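Engineer: Listed here are the chains, written in short residue letters.
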Amino acid sequence: MSELTITLLRLGYLALLWVLVLFAIGVLRRDLYGTRITDRRRRKAVPAAAAASVATEPTKPEGAPARVPRSARGGSGPGRLVVTEGPLRGTIVPLGTSAVLIGRAPGCTLVLDDDYSSSRHARIFPQGGQWFVEDLGSTNGTFVADQRVEAPTPVPTGTPVRVGQSVLELQR
Amino acid sequence: MATVQPHRVRAGRGVELGLLLLALAIGVASYALAGIGTTDEVPPDVIGYGVGMAALAIGIHLVLRWRAPFADPVILPITVALNGIGLAMIYRIDFAYAARGREDTFAQRQLVWTAVSVVLAAAVIILLRDHRTLRRYTYTAMIAGLVLVLLPLVPGLGVSINGASIWVRVGGVGFQPAEFAKIAFAIFFAGYLVTHRDTLALAGPKVLGLQLPRPRDLGPILIVWGASVAVLVLERDLGTSLLFFGLFVAMLYLATERLSWVVIGLLLFVLGAIVAASTFAHVGARFDAWLHAFDPAVFDQSPGGSGQLVRGLFGMASGGLFGTGWGQGRPDLVPFAESDFIVASLGEELGLTGLLAILLFYAILTERGMRTAIGVRDGFGKLLAGGLAFIVALQTFVVVGGVTRIIPLTGLTTPFIAYGGSSLVANWVIVALLLRISDEARRPAPSMKPTLTPVAGTPAVGDDDQLTEVMRGVR
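Order-wise, the sequence lines are chains E and G.
Letter by letter, the first sequence follows residues 1 to 172 in my numbering.
Letter by letter, the second sequence follows residues 1 to 475 in my numbering.
Hints were generated in silico from the structure; no laboratory data involved.
Warning: the hint list may mix true and false statements.
Unchecked claim - Have a look at the derived ranges for each label pair, beta carbon to beta carbon:
#1 62(G) with 7(E): 50 to 56 Å
#2 259(G) with 7(E): 49 to 55 Å
#3 401(G) with 146(E): 53 to 59 Å
#4 15(E) with 300(G): 49 to 55 Å
#5 130(E) with 259(G): 32 to 38 Å
#6 85(E) with 234(G): 23 to 29 Å
Said to hold, decoys possible - With the C-beta cut set under 7 Å, the calculated list includes, among others, these residues of chain G facing chain E:
#7 14
#8 28
#9 29
#10 33
#11 352
#12 354
#13 364
Claimed, not checked - Covered stretches of chain E, as calculated for chain G (at least 3 residues, CB under 8 Å):
#14 94-101
#15 122-134
No experiment lies behind these values; they were computed from the predicted model shown.
Glycine included, every Cβ here is placed at the ideal spot set by N, Cα and C.
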């Protein structure tokens, strides 16, 4: 066999080794990330019908709640809403000064793909330096520490809030 | 505004098959190129070899489809590739030995061991339906491990080869029981630590920002340390002793998340190493050969000189960046080129490029093991997967570090590549256990739908455009 063939085979073999390395890394790269987050604004062009149904959704009652004074949110207030159970486990919603609407409707802040949650299921909002959860007349109810929510209820940090199949928690 | 989609776990069996074909291509190419390099023609049995390897690999792939459909898709192909590379290198070194008038059949024997290992791994996957069963055998595993470690010391059974008495010979078949003891100990440590980790992680005095354990909780680590030192003294084997102690410290850290255990472990290890180096000639000689490798007096010293180490370094140096190519180098100039120094042989013929790819295979294998440990839900499985992955990582580090003169040389085998039946079988069993645990880890959580029955005709609330299922029977 000629010198050139031998050299090509030798380098080709090394390339083959690295192809396996890179393919394996490509496969495992996928599951380093738990959930895939897609920006909806980038998908504006998608089905017009879907866009129309979103448009008919009532506007979110986000503007209403009283703004939390900066000082109250300081170091002690919860900084994020974390899904601890259910299909979205591991999802983190950063908390700002506005309310978080939870439900199945595409217009919600946290969209649950869950047959047991209502379209507009619950709302978590800040008031007077504290976060409250309010049930929006859902079919299956919202539970704070296994107590059904009838009126807006304060949610301390770390208390489980059950919405359908999901359990949410406020964390620092 | 962003939507979050739940992560759909892919079983990954298709991906695994693809990677497996690539790994088989690497194995067959190694074999063919080794033949071309040594005899200038493609080995006549390359097709038979390829078919045999493919049958084994596809066989275990089908077993996974049948019994562990969610097992990790990367572990098996990486293992097959490593095994194939090792087989080809041993086959190639057989040729080199034959050319020097020393007939060996390492390759045939390794081939038989590969078949035995794969069948055994398949048996483990089929018979072990749930890794948590192993937790019941925590203390049985401890006794089994101790018996296996002590077996070479039984007169008439143990054989002392090259100064280390870690071999057992029964009916003409020799094996290293310590290779199997490491699996038994991983099971024991996982079962023990998952029960006792709270005690071991309990608050103790805090010194320099380090949460130290209470003195009375130091018992287990001291016992394992004593046992490792006993292995070192009685069996004169540095590698096994280091592996067991390292495994225990790593699993202790996994279980308690206390850095102080690692610090204590390292201190004990350094203490043991210093005492051993100054008391035992064979350990002292290893340090000498490491620190003054290029000293002619140390190089020529026999036994215990640095000749083997330095020849290995010269071999890798002659390989350079891209290697000499399969069959073009002289790896046979290094003693034990097919077992202890196979990394140097690979470094010479595949170069830095090839050796780094092989090291990355090990890194990926360890990463998959650790990822499995993160994903699995029970504490025992977490510790076991973490410990098994750590065994592979530590063994590779100790061997490659020793051959490349980063740490003193110790007698451990390169997983999957080096010649040696016990090591190959034990490592394939480790892979089978990891695959079994990863199946549990990646299996989607059972949905809660069976416990809830939707009530027909329940009106949807508000502006729902889809029906909301009503929960029943909960709370």
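Engineer: Give a verdict on every hint.
Structural biologist: Against the structure, the hints come out as follows:
1. 62(G) with 7(E): 50 to 56 Å: The hinted range 50 to 56 Å is violated for residue 62(G) and residue 7(E), with Cβ atoms some 39 Å apart.
2. 259(G) with 7(E): 49 to 55 Å: Holds: the Cβ-Cβ distance is about 50 Å, inside 49 to 55 Å.
3. 401(G) with 146(E): 53 to 59 Å: holds (54 Å)
4. 15(E) with 300(G): 49 to 55 Å: Violated, since residue 15(E) and residue 300(G) (Cβ atoms, about 41 Å apart) do not stay within the stated range.
5. 130(E) with 259(G): 32 to 38 Å: holds (37 Å)
6. 85(E) with 234(G): 23 to 29 Å: violated (52 Å)
7. 14: violated (11 Å)
8. 28: With a closest approach of 11 Å, the residue 28(G) hint is violated.
9. 29: holds (6 Å)
10. 33: Given a least distance of 6 Å, the restraint on residue 33(G) holds.
11. 352: violated (10 Å)
12. 354: Hint on residue 354(G): holds, closest Cβ of chain E at ~5 Å, below 7 Å.
13. 364: It holds, given that the least Cβ distance between residue 364(G) and chain E is near 5 Å, below 7 Å.
14. 94-101: violated (count 0)
15. 122-134: violated (count 0)
The structure fails hints 1, 4, 6, 7, 8, 11, 14, 15 (numbered hints given earlier, in ascending order).
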